[in-house]
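In the order they appear, the protein sequences are chains A and B.
Sequential numbering of the first sequence, starting at 1, is according to our numbering.
Sequential numbering of the second sequence, starting at 1, is according to our numbering.
Don't take every hint at face value.
What the hints assert, rightly or not - On the chain B side, residues computed to face chain A include the following (Cβ under 10 Å):
{"hint": "1", "residue": "Ile-161"}
{"hint": "2", "residue": "Leu-165"}
{"hint": "3", "residue": "Asp-244"}
{"hint": "4", "residue": "Leu-391"}
{"hint": "5", "residue": "Ile-403"}
{"hint": "6", "residue": "Leu-410"}
{"hint": "7", "residue": "Met-421"}
{"hint": "8", "residue": "Leu-442"}
{"hint": "9", "residue": "Ser-479"}
{"hint": "10", "residue": "Lys-490"}
It should be emphasised that the hints constitute simulated quantities derived from the structure, not laboratory data.
Even for Gly, the Cβ is constructed at its ideal location relative to N, Cα and C.
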Amino acid sequence: MLNYTNLIPLIPLIPLASFVILILFGSRMKEKAAYVSIGAALAAFALSVPGIMMTLKHQSVHMEWIWLYLGDRPIKMGFMIDSLTAMMLFVVTFIGSLIHIYSVGYMHGDKRFSRYFAYLSLFFFSMLLIVLGDNLIMVFIGWEMVGLCSYLLISFWFERMSAARAGMKAFLANRVGDVGFLLAILSFFWMFGTVNFEQMAEKIHQYQGTMLVIPAVLLFCGAVGKSAQFPLHVWLPDAMEGPTPVSALIHAATMVAAGVYMVARSFFVFHGNIEAMQVVSYIGCFTAFMAATIALTQTDIKKVLAYSTLSQLGYMVMALGVGGYIAGPFHLMTHAFFKALLFLGAGSVIHGTGTQDIRQMGGLMKKMPITAWTFLAAFVAIAGLPPFAGFWSKDEILLSTFNSPVPGHLFLFAVGLFTEALTAFYMARVFFLTFLGDARDKEIHAHESPLVMTVPLAILAFFALFIGLPGSPMAGHWFQHWLQQSFPYMHAHEIHLNFGVMGASIFLALSGIGLAYLMYIKGTISPDKVAQSIRPLYIYSLNKWYWDEIYGMFLIKPFLWSTNALYAFDVWIVDGVVNGAAMVARGLGFLQFIFDKYIVDGIVNLFGWVTQKSSRIVRLVQTGIIQNYILLLVVGLALIVWFKILENMHAVL
Amino acid sequence: MPLLSLMTFIPLAGALVLLGVPKSRTETIKWVGLGFTIIAFILSVIVTLQYVPTQPGFQMQEYYSWIPQIHVNYHLGVDGISVPMILLTGLITMLAGVASWNIKIRVKEYWVLFLFLETGMMGTFACLDLFLFYIFWEIMLVPMYFLIGIWGGPRKEYAAIKFFLYTLAGGVLMLIGFLALYFTSEPHTLSIPLLQSLGQQGKLFAGNNFRFYGLTLPHLVFLALFIGFAIKVPVWPFHTWLPDAHVEAPTPISVILAAVLLKMGGYGFYRISHPILPDAAKHFSWLFLILGIIGIVYGAFVALAQTDFKKMVAYSSVSHMGFILLGMSAFTIEGFIGGYYQMFSHGILTGAMFLLVGVLYDRAHTRDLNAFGGLAAKVPVYTFVLSIMALGSLGLPGMSGFIAEFFTFLGAFPVYREMTMLAVLTIVVTAGYILFMMQRVLLGPLNEKWANMPDINARELLTVVPLIVITIALGVCPSLLLNIINPVMKTMMVAIGPLHP
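So that you can see chain A by itself, here it is in the shape it has in the complex (with noise of 0.2 Å):
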């Protein structure tokens, strides 16, 4: 009998075989390159149910294999599937599957179908390692490959520029997160000389207090980066250039919630550690309540939706930073759906009338109904009304926030509580806007999409209202009690029922949804007085807070005026020293030249020249003449005489 153990690694290399299969050939294979993604991702989601089916039996599944030795030190890589994995596992397989279906519907005809799918497996493989890793540098490794593959699903319509810049912040902003991770990961491997998750939960104890504040807080950087929390949030919106199922896959369903699944997985470093624990939940909170606020005056559909993901996102966050290490990772699964399905819809409705402003659609009921109907299911879950997914794990997040440790709990329970208002409220506008009322625009002729892109709609609309029912007190929280055994270091505690918690939450969604009733179906309240009448607040919210613009001017620009700088100063000073060393290396030849041509050159000219001069005046007396020799010899003669006289005559006298 095989053992199941053995075929794990193939869950992420069968998509990395399409990957290559595709990037090779798929130019060859047309639109039939899809098949091949598909049948790599439904392989993956098939061999991915045996393991699932073991963590429901309390088992879990483990491998390892030495990856190579550094020194004596050997660095093992593994693979392994508990409830948590198990979890993600049917995430991104099932919901991937359905994309990957969807797409072929979506990007019929384009140009670089083949490529698409391509990168697609090639993220299922990358996702894949980061869900079945057992440590962190695999973790890793599959986190930085998933940014690739978000960088080149983003860009890929690269023709246009806003698409590639988008593709490069998305990548560079997370590469700041990414420096956290990696700090992380250097920090773990130091105090525990290994990062194998297992190992470091064991060793945890030995480092209680404060030694793990700065380590857990890194680590949480490079969630903050993947799952696009304040202050790295910027790049998720403008990731929506890439096509749209690109979006629900991995700008809302599996990649940014990897971040969340990373913090859980690794909560032992986050557990006790209230520090750390406050800046995550702040953080996750804040971001939950700025993205609301931004959804709320958006006016196309798949920036609301992305909007609505960073804060979602943010709740997932503030769960795990309250200590909800359930709850956290149980609204990411209800959120992967609802999302998915939200994202889907929205494609399927730019597909069939050709926009994504909603301010030009309007009662594509009619038009649409199997789109419409399953926007509603993903709209009443994502809203948190019972007994839909949504509901059941906000609820959770909102129970954990209030029973809550961390100091401040209560003030980020009230803004949880409002910001899901917000979040009742933003959806509704959507969904009233989109498919009730009348057509706003009558160039548009709206047409429902094809099987291939709605059968999947419809698969995810019945998850996205029940999935939560598992983790809902009429299952005896089971979703619960099978979660709990990915985190055997927490001591499993009761769950007790509030419910004034979720009186509220209900409460507060009904509003919201109301009051988007009242204002964009009967008109009782005009949207257009109300945004005059807080009109600052309205600019603010509609020019999404103006991070991009203070980032550009505090950041980007002075950042890249100091690569130019430094340029400036490698060509003037650094590489001036070189060349003025040549200078002066040549100025002392060029003395050392004038020196040799005038002082020893000169010298020894000046030698030539006096015995030249001299000898002229001395050839002056050699004429050759008999005559003037006789002269001079009488003259000399003459002149002793006369000395000799003159001596003699001194010594006379």
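Given chain A, put chain B in place with the hints provided.
Quick look at chain B alone, frame taken from chain A:
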């Protein structure tokens, strides 16, 4: 069979053969020249395969007394530090030979010098005697000077002279260091293995009380060697010859310069300065740390400011080579391995980058990054290949660059936490200049000027694909290289000892 001698001098034999071929028969010259680089490559593969990593000491040694009066011997031999470099040299020279097909003027002279250069490189990595090392090291300058100065770009004379003089200046310091080692060792020797064991046993400079501003003689000797090697690496602030030389050199010569010649500096650290003068090396570990970090950060920043494709890659080299110094500064096995891994990985990745810049330059006759745009739609295969290599340079996991950087960080972090953090932060800037380059060249709307640009051809692909395969293989399965270098690094670390015992 004297395998190492054969491998070293086969290219020189090729150069001599080429001298006899008439100038006009350019096709014959190219094929003969390439044939000899292929033979040298095959020999380097044989050396790699014959090398037994688990067996300690130097292997395949050849030893003949040469000038006994000054104890100079013809001594060749390899260990885990030289074998990967020899393989890299063989491979890169062969691929650069294929890339030399575009050289159209003075083909005969080009190939003669090209082969002569290969002998210098192989010899540097294969020799075990400082005298030989110095000869091979200096002899490389001559063909390199002409290869840049004759076949280079508009400012070729300036670049060639700068390269020559700068490296020569370093070489002189290095020679002084060698002489100091010779005269202080007892008995006088220039043998690298002998000097290593003397140095590690503390027998070098024993009883020497020379002081110069608080520096002992070993310190001064180390500094002389350091500057000699640092110029070649190049270490900041000795790096400014590099952008000029790269920009002006023809494509294949840029490739060899980046992939092989820059490694000689690092090789010098691993082979000569650190094993022979371990205590001085530890004394100056701060110098390695500071200059390494500056190089990493500074190179990345300046690379981002470039508009010339080749200059960008040149400055990225300065940044990448900083990792060698950072890795070596910590005196941990992870750091030493990381630095060495970076040498090999950089050779592969940057070699490929220069090849790819050359492909673009041959078509567009410009390297101005802003002159392109949207090429991805026009040249998809080139786009794919360039993207892979660019992402490799960026340090993407799954490729060799990531492994090298990760090991280096792993080795340096426990010793220098804050400084390592600074280096880790640079990965954002690295991603910045790589992606900015890709955006300007490949993405956006197609610049209509290049509407007829042909895609990368089969010959050019032949030069790059092996490098892609290697960088991915080393990224997924680092043991391929680690198996060779691990044992010798372990031995070296035991001999040198930790920074703070």
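Here is how each hint holds up against the structure:
With a cut of 10 Å, the hint placing B:Ile-161 at the interface with chain A holds, because the nearest CB-to-CB distance is about 9 Å. Given the 10 Å rule on beta carbons, the hint for B:Leu-165 holds: about 7 Å separates it from the nearest Cβ of chain A. Because the smallest distance between the Cβ of B:Asp-244 and any Cβ of chain A comes to about 8 Å, under 10 Å, the interface hint for this residue holds. Hint status for B:Leu-391 relative to chain A: holds, with the closest Cβ pair at about 7 Å, below 10 Å.
Using the Cβ-Cβ criterion of 10 Å, the hint placing B:Ile-403 at the interface with chain A is satisfied: the shortest such distance is roughly 9 Å. With its C-beta approaching chain A no nearer than about 6 Å, B:Leu-410 sits inside the 10 Å limit, and its interface hint holds. Because the smallest distance between the Cβ of B:Met-421 and any Cβ of chain A comes to about 6 Å, under 10 Å, the interface hint for this residue holds. Here the hint on B:Leu-442 is kept, as its CB sits about 7 Å from the closest CB of chain A, short of 10 Å.
Evaluation of the B:Ser-479 hint against chain A yields a held restraint, the C-beta minimum of about 5 Å falling below 10 Å. Here the hint on B:Lys-490 is kept, as its CB sits about 6 Å from the closest CB of chain A, short of 10 Å.
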